[in-house]
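*Asks:* Chains as they are written, first to last, in numbering that gives the first Met the number 0: chain E, 0 to 316; chain V, 0 to 259; chain R, 0 to 291.
Derived by calculation from the structure, the hints in this document are not laboratory data.
Quick caveat: nothing in here was measured; it's all calculated off a predicted structure.
Ideal Cβ positions, reconstructed from N, Cα and C, are used throughout, including at glycine.
One or more hints might be untrue.
Residues from chain E shown here face chain V by an in silico Cβ test under 10 angstroms; the list is partial [as the list claims (entries may be wrong)]:
id, residue
1, 61
2, 63
3, 122
4, 123
5, 124
6, 126
7, 159
8, 164
9, 167
10, 177
11, 189
12, 192
Chain E side only, calculated, beta carbon under 8 angstroms to chain R, not exhaustive [said to hold, decoys possible]:
id, residue
13, 41
14, 91
15, 96
16, 110
17, 127
18, 134
19, 136
20, 233
21, 264
22, 278
23, 282
24, 283
Calculated pairs, SDA-like style, for lysine to any residue (alpha carbon to alpha carbon, straight line, at most 20 angstroms) [stated by the list, open to error]:
id, chain 1, residue 1, chain 2, residue 2
25, R, 279, E, 263
26, V, 162, V, 198
27, V, 162, V, 144
28, V, 162, V, 150
29, E, 275, R, 113
30, E, 275, R, 112
31, R, 279, E, 139
32, V, 252, V, 8
33, R, 279, E, 245
34, E, 275, R, 279
35, V, 252, V, 240
36, E, 275, R, 118
37, E, 275, R, 210
38, V, 162, E, 259
39, R, 279, E, 185
40, R, 279, E, 211
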Amino acid sequence: MDAVWDFLFGSPAFLTFGLYTVVMVAGLAILLHLQLGVAGIGNFGVVGIWGLGMYSIGVLTVNYDWPYLAALVTATALAGVAGLAVGWLVADLAADGVLGATLAVATIAFLIADGERDLTGGQVGLGTIDFPFDVGARTDTVWLAILAVVVAAIGAYAARVHRSPYGRLLIAIGDNEALARSLGKSTFATKMQLFAITSAGMGLLGALYASMSHFLFPQHIDVRLTVAVVVALVLGGSRRVAGPLVGAVLSVGLFDVVIKVYVKLPAGFVEQAYPKVQQMVFGALLIVLLLFRPRGLLGDMRRDRRAQGRGRWAARP
Amino acid sequence: MGGTSVRGSAAVHVAGVTKRFGERIVVDVPELMLGRHPIEGLIGPNGAGKTTLLRLLVHALPADTGTITFRAAAGSAVSVSATPQHRLARHGLVKTNQVIQDFASLTIWDSLLLAVATRRDERPHRLFGDRALLREHTDEVHTYLDKFEFADPFGYARSGGEKKLLDILRCLILQPQMLLLDEPAAGLPADVAERVIELIAERATAGMAVVLVEHDLDLVWQFCPFVHFMAEGRVLLQGSPGDVRGHSTVVEKYLGARRA
Amino acid sequence: MDYLADSLVIGLTEQGPLALAAMGMALIYYLNGVLNIAYAETITLGAYFGMWANTTLGQSFYTSLVVSAVVAGAISVGSYVLVFRVALHRHVGTLEVIIISLGLSVFLRHGLQFVFGYLARFYESPGVASMRILGVGVTRFQLVAVALVIGLGAALYLFIERTDPGQRIRALASDTQLAEVSGINPRRVTVLIWFIAGVAGGLAGAFWGVASSVQPNLGFSRILLILLVVVVAGGRSASSLWRVQAVGLLAGVLLTALTLRIDPLHAQIWLLVAFAIVLKGRARGMLRIGRA
Numbered sequence: 000m001d002a003v004w005d006f007l008f009g010s011p012a013f014l015t016f017g018l019y020t021v022v023m024v025a026g027l028a029i030l031l032h033l034q035l036g037v038a039g040i041g042n043f044g045v046v047g048i049w050g051l052g053m054y055s056i057g058v059l060t061v062n063y064d065w066p067y068l069a070a071l072v073t074a075t076a077l078a079g080v081a082g083l084a085v086g087w088l089v090a091d092l093a094a095d096g097v098l099g100a101t102l103a104v105a106t107i108a109f110l111i112a113d114g115e116r117d118l119t120g121g122q123v124g125l126g127t128i129d130f131p132f133d134v135g136a137r138t139d140t141v142w143l144a145i146l147a148v149v150v151a152a153i154g155a156y157a158a159r160v161h162r163s164p165y166g167r168l169l170i171a172i173g174d175n176e177a178l179a180r181s182l183g184k185s186t187f188a189t190k191m192q193l194f195a196i197t198s199a200g201m202g203l204l205g206a207l208y209a210s211m212s213h214f215l216f217p218q219h220i221d222v223r224l225t226v227a228v229v230v231a232l233v234l235g236g237s238r239r240v241a242g243p244l245v246g247a248v249l250s251v252g253l254f255d256v257v258i259k260v261y262v263k264l265p266a267g268f269v270e271q272a273y274p275k276v277q278q279m280v281f282g283a284l285l286i287v288l289l290l291f292r293p294r295g296l297l298g299d300m301r302r303d304r305r306a307q308g309r310g311r312w313a314a315r316p
Numbered sequence: 000m001g002g003t004s005v006r007g008s009a010a011v012h013v014a015g016v017t018k019r020f021g022e023r024i025v026v027d028v029p030e031l032m033l034g035r036h037p038i039e040g041l042i043g044p045n046g047a048g049k050t051t052l053l054r055l056l057v058h059a060l061p062a063d064t065g066t067i068t069f070r071a072a073a074g075s076a077v078s079v080s081a082t083p084q085h086r087l088a089r090h091g092l093v094k095t096n097q098v099i100q101d102f103a104s105l106t107i108w109d110s111l112l113l114a115v116a117t118r119r120d121e122r123p124h125r126l127f128g129d130r131a132l133l134r135e136h137t138d139e140v141h142t143y144l145d146k147f148e149f150a151d152p153f154g155y156a157r158s159g160g161e162k163k164l165l166d167i168l169r170c171l172i173l174q175p176q177m178l179l180l181d182e183p184a185a186g187l188p189a190d191v192a193e194r195v196i197e198l199i200a201e202r203a204t205a206g207m208a209v210v211l212v213e214h215d216l217d218l219v220w221q222f223c224p225f226v227h228f229m230a231e232g233r234v235l236l237q238g239s240p241g242d243v244r245g246h247s248t249v250v251e252k253y254l255g256a257r258r259a
Numbered sequence: 000m001d002y003l004a005d006s007l008v009i010g011l012t013e014q015g016p017l018a019l020a021a022m023g024m025a026l027i028y029y030l031n032g033v034l035n036i037a038y039a040e041t042i043t044l045g046a047y048f049g050m051w052a053n054t055t056l057g058q059s060f061y062t063s064l065v066v067s068a069v070v071a072g073a074i075s076v077g078s079y080v081l082v083f084r085v086a087l088h089r090h091v092g093t094l095e096v097i098i099i100s101l102g103l104s105v106f107l108r109h110g111l112q113f114v115f116g117y118l119a120r121f122y123e124s125p126g127v128a129s130m131r132i133l134g135v136g137v138t139r140f141q142l143v144a145v146a147l148v149i150g151l152g153a154a155l156y157l158f159i160e161r162t163d164p165g166q167r168i169r170a171l172a173s174d175t176q177l178a179e180v181s182g183i184n185p186r187r188v189t190v191l192i193w194f195i196a197g198v199a200g201g202l203a204g205a206f207w208g209v210a211s212s213v214q215p216n217l218g219f220s221r222i223l224l225i226l227l228v229v230v231v232a233g234g235r236s237a238s239s240l241w242r243v244q245a246v247g248l249l250a251g252v253l254l255t256a257l258t259l260r261i262d263p264l265h266a267q268i269w270l271l272v273a274f275a276i277v278l279k280g281r282a283r284g285m286l287r288i289g290r291a
């Protein structure tokens, strides 16, 4: 058993961290799937809300000595409130306005993290954020397991949403918002609400990451993460819940786990060129996929819903 | 949005309403009352402004001048220009679409369930809301699906005709107080169109006010006890079918090019 | 009064290129409805090639400007032909095109580092003689930059709005089929527009590059502001290059005014907030217009 454990987690630093990133990106991508793939809100500021959650828990625990759980809940709530505000801002804007506004949110998050030195430490960094418990050398792995549970819960929520009247409304809004309004649906309020809820989820993932990273820098808030999340969504399929998971595994998983841990790369290459190659591949993937296979690997959402219609409620007694 | 209501219920009052697209005046209606009869027809040549008028009535488009007031059965008047379209729909004022509009990802069954769901059903925490929704409305949806055949009711609307029909059924299942129909027969096979209008006539008798824009004049003369004739943005003539179809202006501007 | 003069002069000289870049981006947006995030790399690569012509080939700054313009124009056309035209042919949706442009931006931004390296590089600009305008010291470079920005902007505006070829371009933007029927070659005109847009971006990049340094994220760090100028100046139905130029210059002056009062980071935050308010205000005004 120990031998297997050692093999699986032999380079614990790299592997656990790599797996953590994959699972986290999957979680963020599932939430983005609800915003973008279902309701049609083109959110390009994922890293902004995530960063807000991350820095919130950092500030609360490090600067103000809050107990961990209270800080976690508050960070999540703050992200939710920010999501409500951003949702209010973008819910009646066209795609160009949403792009500008969400990019602005991410930029503002970075600027605050960088500029408010009294609060966040700026470039010096914020830390140390520890795990709320300690089980020795395995704590990292346990944290990964906790994250996996959280992301599984997010996935379960998203899957349930698809099968609920709420999900049906979101899909309708994504398909033809004007038509939904003509049927009496409050599309603005619904979109705003959705953004708040999913942003809370993104903030939670950011807050959990703070412990994994222990030290926070403004550089964490980088478009790189948004790109990874978008790639996961586009690769796996933006219209089905399982898509983001598949996409995250095949993109981030490939680069951060498989290659980094198991392929012997020269050290200099890993430091400098590897991240850039990764970004180039991601960029190329986005272009090629959206030009030639926009539905992603898992394909259209439509196939999912067809099966649902034949449920037992649909048949006449 | 109640079900059946007492006759003399929903009505729309238009006062001094104009709408221009660029230089062109598309709608110019100083005074118009809709809803005093169970079904009222609105006819006129292409470009007369009928569709635009309907869009103004449900606030899909803002009027340049004037006021439009919607009075539901319960009596309270609502100013259309102060109320967004979705809230007007919840008050009971609903319009079908002339150009085909659909939800590409929703099956026919889903589409109807969407229409029938209320705000409470659609709350984000009601993850199992479909159980209650189906329990309450399965029979109702089936009633519609039995009356009108779709090739695959648990699949997607296939032809333009199916989408048009679905559009009308979605509006009907909302049980509006006043339903504005924009060329419902266009794009539907003749027998289906007739069944649709018959169903609408039934509902009108039961209390739903109807305004019917149509080019198929047979349907208009048959089902509408009162007809408005519109041309060049104005309502030129109103009256019973007999009055309207024989009138010289109507014949000259419209019927002359069509069979009466 | 000093504060106003400072804001005006510094704003125009330092942020003048913003208006030029915004006009370039707007051209593409108005013509093809494409919001091209990768336009940032047109700006960046214009700067890099200009710097390269200036340092490695030993050209004067003004000659290197031509290199910046032509190379950036070519890259812009290349991105159209290889990526965006394919997308438009396949009827890719608005949101998806934006994502594609993000992908292209990421690709180019990291790819260029394999050619030019990732460290900041610099133009060799000769010793700068400065003059005083309204009590503020400006270099001749900066004056040329402002003059070029405003001049090019005006020229572009006049070309598009007041000349025959310009009218053909506008016709193409509003109705491709109709334009074709009246004898306009859509392909050639579109390529021309993408080239002009690239030129504008490359020149903006060169001016920014010579004033500070040339880095891989020269364009990307500014693309948000450029995008917001374009979006706030109006959508396709209200297309006007004059408005884009005006908003761009105004934003530049406003940013400078804020930076002079408070630190750069907070100034940027406030500027972004201001943009958000304007955006929302306009949307609210149009909220009543439905589509069904």
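*Asks:* Return the numbers of the hints above that this structure violates; sort them in rising order.
*Replies:* 1, 2, 3, 4, 5, 6, 17, 18, 19, 21, 25, 31, 32, 33, 34, 37, 38 and 40
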